[in-house]
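Between the sequences and the hints, there should be enough to build the whole structure, so can you do that?
These protein sequences, in sequence, are chains L and B. Our numbering numbers the first residue of the first sequence as 1 and each following residue consecutively. Our numbering numbers the first residue of the second sequence as 96 and each following residue consecutively.
Quick caveat, the hints were computed from the structure, so don't treat them as lab data. Cβ atoms here follow ideal geometry from the backbone N, Cα and C, with glycine treated the same way. Incorrect hints may appear among the rest.
[To be verified] Quick list of in silico lysine-lysine cross-link-like pairs, BS3-like style, CA-CA up to 30 angstroms: (1) K179/B - K267/B; (2) K59/L - K189/B; (3) K206/B - K62/L; (4) K189/B - K62/L.
[Said to hold, decoys possible] Pairwise CB distance ranges, derived in the manner of DEER restraints: (5) L35/L - T319/B: 32 to 38 angstroms; (6) F192/B - V44/L: 30 to 36 angstroms; (7) A18/L - M157/B: 22 to 28 angstroms; (8) Q299/B - E84/L: 21 to 27 angstroms; (9) V44/L - G351/B: 50 to 56 angstroms; (10) D21/L - G365/B: 43 to 49 angstroms; (11) K62/L - I149/B: 25 to 31 angstroms; (12) T68/L - G495/B: 54 to 60 angstroms; (13) G351/B - V78/L: 24 to 30 angstroms; (14) V24/L - Q355/B: 44 to 50 angstroms; (15) M157/B - V44/L: 29 to 35 angstroms; (16) Q355/B - I11/L: 21 to 27 angstroms.
[Claimed, not checked] What the simulated footprint calls covered on chain B by chain L, stretch by stretch (three residues with Cβ under 8 angstroms from a Cβ of chain L suffice, anywhere in the stretch; the number is not a length): (17) 128-139; (18) 232-246; (19) 291-303; (20) 543-550.
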Amino acid sequence: MSVDSAVVRRIAHLSRIAVEDEEVERLRGELNAILAFVEELDAVDVSGVEPLTSVLPMKMKKRADVVTDGGIADDILVNAPEREDHFFVVPKVVE
Amino acid sequence: MTEHAAPSKLIKGATGDWEVVIGMEIHAQVTSRAKLFSGASAEFGGEPNDHVSIVDAAMPGMLPVINEECVAQAVRTGLGLEAKINLRSVFDRKNYFYPDLPQGYQISQYKHPIVGEGEVIVDVSPTERIKVGVERLHLEQDAGKSLHELSATESHVDLNRSGVALMEIVSKPDMRSAEEARAYVSKLRTILRYIGSCDGNMEQGSLRADVNVSVRRPGEPLGTRCEIKNVNSIRFIGQAIEVEARRQIAILEDGGVIAQETRLFDPGKGETRSLRSKEEAHDYRYFPDPDLLPLEFDQAYVDALARELPELPDAKRARFIEQYGLPPYDAGVLVMERASADYFEDMIKDGANPKAAANWLINEYFGRLNKEGLTINTGPISAQANSSIVQMITSNEISGKIAKDLIEIVWSQPGDPREIVEARGMKQVTDTGEIEAAVDAVISANPDKVAQALAKPTMLGWFVGQVMKTTGGKANPQTVNELLKKKLGI
Chain L
1 MSVDSAVVRR
11 IAHLSRIAVE
21 DEEVERLRGE
31 LNAILAFVEE
41 LDAVDVSGVE
51 PLTSVLPMKM
61 KKRADVVTDG
71 GIADDILVNA
81 PEREDHFFVV
91 PKVVE
Chain B
96 MTEHAAPSKL
106 IKGATGDWEV
116 VIGMEIHAQV
126 TSRAKLFSGA
136 SAEFGGEPND
146 HVSIVDAAMP
156 GMLPVINEEC
166 VAQAVRTGLG
176 LEAKINLRSV
186 FDRKNYFYPD
196 LPQGYQISQY
206 KHPIVGEGEV
216 IVDVSPTERI
226 KVGVERLHLE
236 QDAGKSLHEL
246 SATESHVDLN
256 RSGVALMEIV
266 SKPDMRSAEE
276 ARAYVSKLRT
286 ILRYIGSCDG
296 NMEQGSLRAD
306 VNVSVRRPGE
316 PLGTRCEIKN
326 VNSIRFIGQA
336 IEVEARRQIA
346 ILEDGGVIAQ
356 ETRLFDPGKG
366 ETRSLRSKEE
376 AHDYRYFPDP
386 DLLPLEFDQA
396 YVDALARELP
406 ELPDAKRARF
416 IEQYGLPPYD
426 AGVLVMERAS
436 ADYFEDMIKD
446 GANPKAAANW
456 LINEYFGRLN
466 KEGLTINTGP
476 ISAQANSSIV
486 QMITSNEISG
496 KIAKDLIEIV
506 WSQPGDPREI
516 VEARGMKQVT
526 DTGEIEAAVD
536 AVISANPDKV
546 AQALAKPTML
556 GWFVGQVMKT
566 TGGKANPQTV
576 NELLKKKLGI
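This is the structure in structure tokens:
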């Protein structure tokens, strides 16, 4: 599997990351290098093997249905570039 | 089900009949105190960003921990839908960018949902029941809320709903008319409310529907579908399907083709319109969420939840028919809300005749509640008081007409109906002598009408009315009838 410049642009768009034309080629190269590195795993035959979800034989942790959190709107908004009252404010996102 | 619609459900186009095919995705908010993966409150409303933990705000390094009650609610709901419960399911990330989705992905279930195939029996009309297949039910997170009206150039984001647990219930494309679709949502809502896994409040968005609509010529393969997003009332679901089917038929009859797309229903304009038309096809790039292990439990856990389930609407309806001899329609109306069914049974326990109690509730009390915007829980009359009224009707102590006056009184000034009847002299006159006097008076005062009645026996009704009037509605109508027939010789 290899990534071409159209795929780079599409992934950037889906993530709403602004990628300049001159950056595409560099990113394409980096992504392909990562994929080539991971492709080494193809050398192993895993047919009939269940995907591994955890290296430890453990069960999913669960929480009780109790409200233990919240009421920290100031903390939640502390990094917001723009805010009003306790809302995040973002560029208009409706057409 | 791939069977075809009855001819009566087909839509007539300019060039012949069309069949509409409908499937639905219902998003039902899970009833729980805390969110699906955090300890913040799942309660509706609240000050902006007050019900938000750093997990819900997707601060780096935070890990989701599942709320066990949300899991139990999904399993209970699956059981209520007669569905296969999967003892192992997996959470995936559904990736998309939107300002009210701080993680950049929604934690959902894709290939391995917690609940598999099931079935809902839907009462379309008093005489028609259909089965609608359920494809799956999975657990997922709700997104935050964007407000676009507070500013002309900016949107305001509140994450209070971010991370609240939703159940997405996907139906098979088994519905063939707007009416069937409405009935399906209504039945699903009833089941969820019985189980207590969703409050079914459509105004607050606890229950939202995405409706898939396509049309085809009867007997042909499925047509291209359009998805109408986020329809938030049962009435609008019906309207949206009607206008969307008409739109597609018009395009096809003009020789056009349907573009598969997401559309929005505008109830004000009565039309659907394209949404995200400029955007490319969805590419959610699902993959298993590495932060969460598979969700696993054993059959004993499922069995324990099954034992605690309440009697569900279909079983209750069958019991009402069997135990109380109710007509299926009446039983169906009474079990729509668990509270109504309980109220009805309280009246029976208090001594009311079941059929009379059902009649009284359906034809009299529910209508009044509806008119005043009240529910069985908020209405002013207790089950015991309504039971007393019904018992007095059944025993002929009061007439049906007086009963209507009586409920009017009890409605506005609660009291014991029996005492009110006694105090106000509302008891029905069954004393034949007294009624006879009234009958005689009416006959002697109207010789012309007597002559007419002899020629035309349907005139009897006029005499009955007059006698009832002079006795203040308290005469037993049957006695009046019999006496009039005898005296007039009809």
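Honestly, which of those hints from before does the structure not fit? Hint check: 11, 13, 14, 19 and 20 fail, others pass.
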